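Whole structure, please, built from the sequences with the hints as guidance.
As a plain string of letters, each chain reads:
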Amino acid sequence: MGIGTFIIVSIVKIVIAVFVLLTAVAYTTLLERKVVAHMQNRWGPSRVGPFGIWQPLADGLKFIFKEDVTPPFANRPLYLLAPIIALITALTSIAVIPIGPWISLGSIHTPLQITDVNIGLLIILGIASVGVYGGALAGWSSNSKYSMLASLRASAQMMSYEIALGLSLVGVLILAGSFSLRDIVDAQSGTWLGFIPKWFLFQGQIVAFFIYIMAAYAETNRIPFDLVEAETELVGGYHTEYSSMKFAMFFMAEYANMFTVACLASVLFLGGWLGPVFGPPIVQSLLPVLWFALRVFAFIFVYIWVRGTLPRFRYDQLMAFGWKFLLPLAIANIVVTAFVVALR
Amino acid sequence: MKIMLHLVLFFIFAAVCVGGAINLLAQKHPINSALSLIVVMGSLAMIYLLLGAEFVAAIQVIVYAGAVMVLFVFVIMLLNAGVEERTAQGSRVATVLGIPGLIIGLSIGIWAVSRVTGLDKIQIGGPDVMDNTAAFGNPQAVGRLLFRDYLLPFEVTSILILIAIMGAVVLARREE
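In order, the protein sequence lines correspond to chains A and B.
Per the working numbering, the first sequence starts with residue 1, numbered consecutively.
Per the working numbering, the second sequence starts with residue 345, numbered consecutively.
Don't read these hints as lab results, they were simulated from the structure.
None of these values were measured; they are calculated from a predicted model.
Where a beta carbon is used, it is the ideal one built from N, C-alpha and C, also for glycine.
Don't take each hint at face value.
Cβ-Cβ distance ranges computed for the label pairs, FRET-style [said to hold, decoys possible]:
(1) Ile509(B) - Val341(A): 27 to 33 Å
(2) Met319(A) - Gly445(B): 35 to 41 Å
(3) Val207(A) - Ala411(B): 22 to 28 Å
Pasting the structure below:
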């Protein structure tokens with residue numbers, strides 16, 4: 001493949017990935033409102049189109065036409081920079097996530113992934129750790145005490161749970177022997193007894209999966225760990241002072257981060273795109289993407305389900321849970337996994 | 345072609361890095377200085393990547409640009425540090441002669457160190473322009489070095505860090 005074709009193929013893949021991600025983000029807000037509404041015996045959005053399916057478009061238009069207010073005592077450059085950092089870091093992670101095997105279109109042979117790098121997982125963790133600045137700077141530069149408190153909470157919470165999150169992945173890395181997300185999925189192929197898939201979840205990483213889910217909910221500031229935007233204490237979190245599209249950028253970043261977390265869970269624990277493949281060639285090349293999308297959808301659905309079910313933690317409980325329970329558990333999981341792999 | 349692309353990228357990130365470092369010193373507000381330091385850390389990571397050290401690049405971003413600098417920003421936000429007060433200008437001779445002298449001194453030092461240690465063999469573009477084997481900066485190579493060849497220094501360093509953490513905890517608790 002020549003350099004010209006490579007660039008064109010890459011640009012096409014980037015455009016498709018960003019378009020699909022942003023559409024999915026928009027429709028997750030609708031899904032969330034619908035599911036939570038039904039859990040609370042309501043209907044949810046139902047006015048804009050059948051079953052309210054044009055609601056995300058209406059919300060988007062509303063965001064664009066709202067007045068954009070900048071607080072007079074805000075630190076302007078950083079106030080503008082914060083939502084940009086939040087959104088860029090949230091959207092960049094998708095670049096290394098594989099959604100399917102290699103496909104061939106005529107002479108073009110390309111993976112269903114924007115780029116396959118041998119440190120894929122580390123890149124996602126690195127981007128996530130830079131993403132913390134979005135929330136931290138938003139709160140500080142708004143020059144408002146509620147935003148400030150929320151951003152201090154957000155930074156402390158994300159730093160604390162990033163450790164448990166990172167350590168929960170080490171067990172998977174020991175089993176797979178690679179940081180490349182594509183290699184990690186390939187290491188999970190095959191079955192036991194013909195029907196139990198060899199996902200890392202079933203290869204003894206169930207504790208790691210539990211730690212990952214808990215830490216991921218905290219990283220994305222979702223219930224039961226949404227202390228960052230606890231309405232009764234902090235008005236609206238670190239983006240209290242933001243309005244119009246700037247608020248929408250934080251909102252999109254939050255949901256895009258949920259998608260990154262869900263994709264990572266599917267890749268690391270649930271076998272990525274692996275699943276039964278049959279039928280004519282075109283179906284064969286698209287079925288893996290469907291299996292991957294189903295896993296991501298299930299993970300997002302559980303996110304919403306948990307939101308409709310659980311109350312919020314207290315702040316000291318959140319910190320104690322992270323440092324005194326999840327962290328030792330993650331280290332124990334690494335030790336046990338390392339022993340098992342060494343003795344095998 | 346590949347080497348030229350690497351060269352272009354190297355000069356871009358080197359310029360960003362030096363620019364960030366100068367901005368770090370020039371800025372008056374501590375939070376702007378901290379953000380410039382993040383830019384410096386990030387562009388250093390890119391230069392590591394150009395040298396073929398992928399693992400070190402990723403760790404540079406996660407540990408320095410991420411964790412360490414978040415703590416810096418955190419402290420600045422918590423202390424609500426204000427704009428720095430500049431003291432009177434230093435001597436003119438130091439300003440005029442200091443910067444060229446520093447550049448010349450540092451260049452000679454770097455040249456001598458790289459001749460002695462063999463660092464001058466490392467080139468932009470990574471392992472395929474170097475004379476040793478392909479496994480150079482990937483996670484496997486770094487892991488092998490850390491846990492086999494340099495196991496003892498690695499363990500000693502981690503114990504040193506552990507002692508530092510315990511010391512910090514003890515010092516922080518004494519106030520009660």
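Structure-based check of each hint:
1. Here the CB-CB span from Ile509(B) to Val341(A) is close to 28 Å, well matched to the stated 27 to 33 Å.
2. For the pair Met319(A) and Gly445(B), the supplied restraint of 35 to 41 Å is violated, since their beta-carbon distance comes to about 50 Å.
3. One distance hint, 22 to 28 Å for the beta-carbon pair Val207(A) and Ala411(B), holds here, with the actual separation near 25 Å.
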